[in-house]
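Trainee: Below, each chain spelled out in residue letters.
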Amino acid sequence: MIRLLNVASSAGAFALRSINLEVPSGDYFVLLGPTGSGKTLLLETIAGLRTPTSGEIWIHDQNVTELAPEHRRVGFMYQDYLLFPHLTVRRNIAFGLHRQAANEADERVKQVSRLLKLDGLLDRRVAGLSGGEKQRIALARALAPQPRVLLLDEPLAALDPQTRQQVRRELLALHNELKMTTIHVTHDFEEALVLADHLAVMNAGEVVQAGEPDVVFRRPASPFLARFLGVENVFRGRIVRCIGGEVGDGTSFNAIFESGPLKLSVVAECEGSARVAIRPEEITVSKEPLHSSALNNLAGIVKNIEKSSPLVRLTIEAIQPFIAVLTVQSFEALDIAAGAKVWISFKATAIHVF
Amino acid sequence: MKKPSGLTVIFSLLGACVVVFLLAPILKMILSAQPGSLAEALADVEVRRAILLTFGCATWAAVLGALTGVPLAYLLARRTFPGKHFIEALVDVPVVIPHPVAGIALLLVFGRQFFGGRFFDHFGLSFIGTVPGIVVAMLFVSTSFLVNASRDGFAQVDPRLENVARTLGYGPLATFFSVSLPLSWRNVLSGGIMMWARAISEFGAIVIITYNPKVASVLIYDRFTTYGLTYALPLAVILILLTLSVFALLRSISYRASGVRAS
Numbered sequence: 001m002i003r004l005l006n007v008a009s010s011a012g013a014f015a016l017r018s019i020n021l022e023v024p025s026g027d028y029f030v031l032l033g034p035t036g037s038g039k040t041l042l043l044e045t046i047a048g049l050r051t052p053t054s055g056e057i058w059i060h061d062q063n064v065t066e067l068a069p070e071h072r073r074v075g076f077m078y079q080d081y082l083l084f085p086h087l088t089v090r091r092n093i094a095f096g097l098h099r100q101a102a103n104e105a106d107e108r109v110k111q112v113s114r115l116l117k118l119d120g121l122l123d124r125r126v127a128g129l130s131g132g133e134k135q136r137i138a139l140a141r142a143l144a145p146q147p148r149v150l151l152l153d154e155p156l157a158a159l160d161p162q163t164r165q166q167v168r169r170e171l172l173a174l175h176n177e178l179k180m181t182t183i184h185v186t187h188d189f190e191e192a193l194v195l196a197d198h199l200a201v202m203n204a205g206e207v208v209q210a211g212e213p214d215v216v217f218r219r220p221a222s223p224f225l226a227r228f229l230g231v232e233n234v235f236r237g238r239i240v241r242c243i244g245g246e247v248g249d250g251t252s253f254n255a256i257f258e259s260g261p262l263k264l265s266v267v268a269e270c271e272g273s274a275r276v277a278i279r280p281e282e283i284t285v286s287k288e289p290l291h292s293s294a295l296n297n298l299a300g301i302v303k304n305i306e307k308s309s310p311l312v313r314l315t316i317e318a319i320q321p322f323i324a325v326l327t328v329q330s331f332e333a334l335d336i337a338a339g340a341k342v343w344i345s346f347k348a349t350a351i352h353v354f
Numbered sequence: 001m002k003k004p005s006g007l008t009v010i011f012s013l014l015g016a017c018v019v020v021f022l023l024a025p026i027l028k029m030i031l032s033a034q035p036g037s038l039a040e041a042l043a044d045v046e047v048r049r050a051i052l053l054t055f056g057c058a059t060w061a062a063v064l065g066a067l068t069g070v071p072l073a074y075l076l077a078r079r080t081f082p083g084k085h086f087i088e089a090l091v092d093v094p095v096v097i098p099h100p101v102a103g104i105a106l107l108l109v110f111g112r113q114f115f116g117g118r119f120f121d122h123f124g125l126s127f128i129g130t131v132p133g134i135v136v137a138m139l140f141v142s143t144s145f146l147v148n149a150s151r152d153g154f155a156q157v158d159p160r161l162e163n164v165a166r167t168l169g170y171g172p173l174a175t176f177f178s179v180s181l182p183l184s185w186r187n188v189l190s191g192g193i194m195m196w197a198r199a200i201s202e203f204g205a206i207v208i209i210t211y212n213p214k215v216a217s218v219l220i221y222d223r224f225t226t227y228g229l230t231y232a233l234p235l236a237v238i239l240i241l242l243t244l245s246v247f248a249l250l251r252s253i254s255y256r257a258s259g260v261r262a263s
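If you're matching them up, the sequences are chains A and B in order. For the record, in the first sequence the residue sitting at position 273 is 273 according to the numbering used here, with numbers rising by one throughout. For the record, in the second sequence the residue sitting at position 214 is 214 according to the numbering used here, with numbers rising by one throughout.
Treat the hints as calculated values from the structure; they're not laboratory data. Bear in mind that the values here come from a model prediction, so they are computed numbers and not experimental data. All clues stand as given, with none of them false.
Which stretches of chain B does chain A cover? Using the computed rule of at least three CB atoms under 8 Å from a CB of chain A, they are: (1) 152-161; (2) 165-171; (3) 179-192.
No residue lacks a Cβ here, since even glycine has one placed at the ideal position from N, Cα and C.
With the hints as extra help, turn the sequences into a complete structure.
Mentor: This is the structure in structure tokens:
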């Protein structure tokens with residue numbers, strides 16, 4: 001388990017502000033955030049490479065706040081792997097085993113290199129190895145001394161897209177095998193969705209939301225999060241009328257959201273100013289209006305069509321510009337072009353009010 | 001063949017002046033020495049003693065410089081602290097002050113009536129007219145080469161490599177010896193050789209502190225003023241051939257050093 005209590009840290013002008021996090025034992029925890037949000041700084045602070053200005057860091061049941069990095073037993077891997085260029089692969093992996101007897105260290109190197117499929121590379125120099133190989137060696141080096149937790153800083157970012165997919169699968173398989181408490185830093189939310197048991201989103205030195213990935217993605221807690229997580233249809237306005245009643249039995253919405261001429265049926269707790277977000281894949285596009293009380297129906301005009309297989313992104317001007325995402329098949333079945341008149345519809349429950 | 005541009009022609013002509021200016025005196029000197037006179041000079045006990053003394057003292061200076069200058073270089077490359085810019089400038093000062101001035105300055109500290117001299121007197125060390133005096137003079141004028149080269153070497157090592165070592169159970173000192181130093185040893189070594197070569201060629205500061213025993217440069221000066229060019233020349237040629245071989249070694253090491261750091 002890793003627990004951060006009000007941790008603040010700074011690097012030059014940049015500062016982490018009062019970070020509170022709890023990573024359960026055996027968890028694959030993803031720290032998600034845009035570049036410059038302080039993810040690496042936080043990871044280095046957990047590893048002891050930076051001293052927090054305040055707060056406490058606990059690893060399992062030990063307060064490690066004052067402990068030097070060499071005594072924390074933390075496995076750490078940087079985005080660009082940083083293998084020691086003056087050593088062979090074998091000596092890189094064995095680097096953290098310097099306190100063990102030579103035969104024990106040899107055995108451990110063998111074990112870890114079998115686990116990460118590096119047996120054939122042990123006597124190579126690190127220059128000239130592929131990105132995927134370097135990544136596995138860096139991981140083997142971090143795992144060899146049997147750390148209590150594993151901290152991975154953008155472990156997939158330096159790989160080409162094909163290798164990335166494969167290595168992502170390998171990381172997941174490795175985690176399922178070792179069940180080591182892991183923090184994985186990334187700016188890629190697809191990566192986060194696939195890997196995370198739990199995640200936290202960081203922005204400008206703060207944790208802005210933490211929880212299970214599904215919850216964070218479905219219910220982003222701020223406009224920043226909605227935009228960052230790819231919820232593109234974000235509108236600001238007011239909840240003007242609370243109808244009341246239980247959602248789900250008979251009524252499918254209980255309030256009206258108003259943003260200028262745009263009016264939407266939504267599910268909301270109370271009146272007042274609010275923002276709404278609709279994920280692009282929740283929007284149905286059709287040539288005729290679909291009638292149902294559960295639906296928001298808006299007439300609009302297709303302004304832009306962006307094809308990036310297997311999906312098509314439509315920008316539809318319907319009072320406000322909406323982004324909808326369709327599969328290529330449904331797009332072709334619709335048979336529309338830019339300028340076409342269409343209807344967009346989405347459920348009240350698909351609108352996230354915040 | 002493509003016609004060279006105007007710039008290439010003009011710059012080549014101007015550049016050639018420097019090359020000729022540097023090469024001509026050295027070549028002329030080497031060529032004007034009779035092989036017989038070189039052998040004769042080498043047979044001279046005083047010459048052999050001066051050369052051995054010079055190389056021995058320069059080696060001592062380089063070792064002492066490495067023990068103190070390399071740690072300083074590491075701090076300059078890695079840490080920020082008050083007075084850092086002052087220290088960086090200070091390291092370069094011996095290169096810019098006239099070396100007899102350096103000699104006088106050293107005299108004012110290491111002379112028997114001054115605090116440095118009195119302090120070391122307790123250990124039986126004196127610096128005026130002695131071998132330790134030569135070493136101190138060499139150290140003063142040449143340490144900056146080692147410090148600057150080592151600092152550049154350390155600065156080129158990604159500090160995150162040191163971070164990785166720390167997370168793998170290495171304390172700061174163990175990290176220095178297992179990561180920082182092995183990755184910058186070529187810079188440190190070439191700085192050391194440069195320092196050594198500079199120490200061998202020193203005259204101005206040494207002649208103030210220790211005229212006798214004579215190092216090679218002082219002996220050349222002594223022969224020149226006492227007996228004239230004919231007697232000074234063979235020794236000068238021997239010294240220049242020796243320093244040139246050292247310099248060739250330095251160049252080959254620093255040449256190989258470029259391009260090994262990429263991982």
